[in-house]
Each structure stands twice: as structure tokens, then as C-alpha cells.
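Trainee: Numbered as in my numbering, the sequence shown ends at 843 without a single skipped number.
None of these hints come from the bench; they were simulated from the model. Mixed in with the good hints, there may be bad ones.
[Said to hold, decoys possible] Label pairs and their calculated CB-CB ranges:
#, residue 1, residue 2, range
1, Pro753, Ala655, 27 to 33 Å
2, Glu776, Thr736, 24 to 30 Å
3, Gln642, Lys565, 45 to 51 Å
4, Asp569, Ala843, 52 to 58 Å
5, Tyr619, Asp587, 40 to 46 Å
6, Met605, Glu696, 22 to 28 Å
7, Glu662, Lys799, 18 to 24 Å
Glycine residues also receive a C-beta, built at the ideal position from the N, C-alpha and C atoms.
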Amino acid sequence: MPNNIQLFKNYIDLLDTVYKQASLTAILDSDTSLLQMTANGKEFLIPKMEMDGLGEYSRQTGYPVGSVTLDFETKKPNFDRARVFQVDKMDNIETAKIAFGRLASEFIRTKAVPEIDATRFAAYCAKGTPVVSATLATGEDWIKAVSDAVAKMDEAEVPTEGRILYITPTGLRAIQDLDTTKSREVLTSFAAIVKVPQARFYTAIKSLSGGTGEEKGGFEKATAGKDLNFQIVHPSALMQIAKDIVNKIVDPDENQDGDWWKFFFHLYGINEVYENKKSGIYSHSKA
Numbered sequence: 557m558p559n560n561i562q563l564f565k566n567y568i569d570l571l572d573t574v575y576k577q578a579s580l581t582a583i584l585d586s587d588t589s590l591l592q593m594t595a596n597g598k599e600f601l602i603p604k605m606e607m608d609g610l611g612e613y614s615r616q617t618g619y620p621v622g623s624v625t626l627d628f629e630t631k632k633p634n635f636d637r638a639r640v641f642q643v644d645k646m647d648n649i650e651t652a653k654i655a656f657g658r659l660a661s662e663f664i665r666t667k668a669v670p671e672i673d674a675t676r677f678a679a680y681c682a683k684g685t686p687v688v689s690a691t692l693a694t695g696e697d698w699i700k701a702v703s704d705a706v707a708k709m710d711e712a713e714v715p716t717e718g719r720i721l722y723i724t725p726t727g728l729r730a731i732q733d734l735d736t737t738k739s740r741e742v743l744t745s746f747a748a749i750v751k752v753p754q755a756r757f758y759t760a761i762k763s764l765s766g767g768t769g770e771e772k773g774g775f776e777k778a779t780a781g782k783d784l785n786f787q788i789v790h791p792s793a794l795m796q797i798a799k800d801i802v803n804k805i806v807d808p809d810e811n812q813d814g815d816w817w818k819f820f821f822h823l824y825g826i827n828e829v830y831e832n833k834k835s836g837i838y839s840h841s842k843a
């Protein structure tokens, strides 16, 4: 039996690049150098560090002894989605590779990435500081709301460097059109500003199963969800990991269901906010 994964490996390896280029939240992905997986490969071992603060220096005893501990907390993926695609038999393997490359790239860009982004924004609404809701009708309203958010994060001692502003195109344009010293000052305080289409920017979403009645799969705004206006994130507040796997490919000669290729996609990951860093997430929604 041929190793079909190896035949398509070059195209599979490119999917991570497609994800990073298309996803609005990929810049928040965590450093995985300390990340471990459990023996069964189904759960993440998340590093947690604790350390003592400063103590009094004594001329008799010198430095007070402190401790630093590094533990690993087991976490199951809170994003775990999959889909199998069927593609008609091709004239040759090279044609099949090209077809797979186009299919996989388009799927990642137009289906997987919008859902991954929407899932993360909603998760961080639930796990960060309580969502603030208000109607923002003018540019002045928008700049005041963002300025208030910055002040709240400053008071909570969230690092000023590295903050990322996710905001709707409408909101960003309203602020930019003010073209005042204050509006420019607020916007330049962020390490990055990312425009987010409203279609993936909600306080809560519903993931569709892909089964009966929800065959199309994907996601939709939850009944209790609200449209987000903006979300400010400091990456240090998050543990965000994404893994996309094409873990099985069945060629037409092996496929007992019909004369076509079958490609199995599995995307999973974890989107968590550290308990002691919730202040690093500030979300603002429509009223």
C-alpha cells in the first residue's frame, strides 16, 4: 500500500504557511518551545511558572531564599474540528497533487481560518475581563472607548508594549477620519492594528456540527452573541496553539466507497487565557 501522506507532503507542509498568512489571529500564536504533548498525543501539557517575590535582605543571614517552580497543566483541545473531502480520480498523481493543493489552500483560507479567528475572539471574550457594551455612533465615541480601554489596561499593569488592537473596519475608519492629535496618539500606542470583518467578530459563536441539519458546517453568531467593536490583546495573556493535520489520504484504488480520492483534515488547538493575566484582554461590543 503506497504512503499517500508522503506523496503529498510538500503540499501539506505549505498549509501552515497558508494559515499564517490568512489568519488575523496567527500573530498571537504562543511559543511552543516549552509545549509538550501527553503520551497519547491528544492533550497539551501547558507550562505554568510560579515564583516568590522579593524579601528583606539581612546583614546577618543575607538573601532570603525563594523558589521557582515550573509545572505542566494538562489541557484538552478546546478547538477540535474535522472534515473529509472527496475528489474525483485524476489522470495521474501529479494532477491529483495540484488539485489537492488548491482544495486544501482554499479550504484553509475561506473556511478554516475565519472559524479559527471567530472561535478565538469569542473565547477571549469569555475568558478575559468582562465585555464592555455600548453604542458607538461617532468617531469621538470610538476614540473615547478605545482610550478608556487603554487606561483600564494601564491601571491593571498590562505591559504597554506589544498590545494589539483588533477592530472593525468601520470603527478604525471612524477614528482615522477624526485626524486629530488625540486619535493619532491613541492608534500609535499599539504594536499592531488589525481590521476584522464583522462576520468573524462576535462575543459568542455556535460551531455547526456538519451533521444532520447542519451539513454545511462552519460557524454562526450565537443567539446570545453580540457584534464586537474592538478587542485589545496582549499576547502574554494567552496560550494559543493551532495544529492542522492531513492525517489520512485514501487513493481511488484503496477507496472501497467509490472511484475518488479522500482527504481527511483535522484541525485542533487550544485558546486559553492565563488566570492571572485576564486583564491582558479587553473586549468591547455593540449594546
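Trainee: The structure should be examined with respect to each hint, and the outcome stated for every one.
Mentor: Against the structure, the hints come out as follows:
At roughly 29 Å, the beta carbons of Pro753 and Ala655 sit within the given window of 27 to 33 Å. Taken as a hint, the range 24 to 30 Å is violated for the pair Glu776 and Thr736, whose Cβ atoms sit roughly 38 Å apart. A C-beta distance of roughly 21 Å is found between Gln642 and Lys565, which places it outside the suggested range of 45 to 51 Å. Checked against the hint of 52 to 58 Å, the pair Asp569 and Ala843 fails, with Cβ atoms roughly 46 Å apart.
Remark: the range hint 40 to 46 Å for Tyr619 to Asp587 is contradicted by a beta-carbon distance near 31 Å. The hint said 22 to 28 Å for the Cβ distance between Met605 and Glu696, and at roughly 42 Å that hint is violated. Separation of Glu662 from Lys799 is about 20 Å and conforms to the stated range, judged on CB atoms against 18 to 24 Å.
Violated hints, listed in ascending order, are 2, 3, 4, 5 and 6; each of the other numbered hints is respected by the structure.
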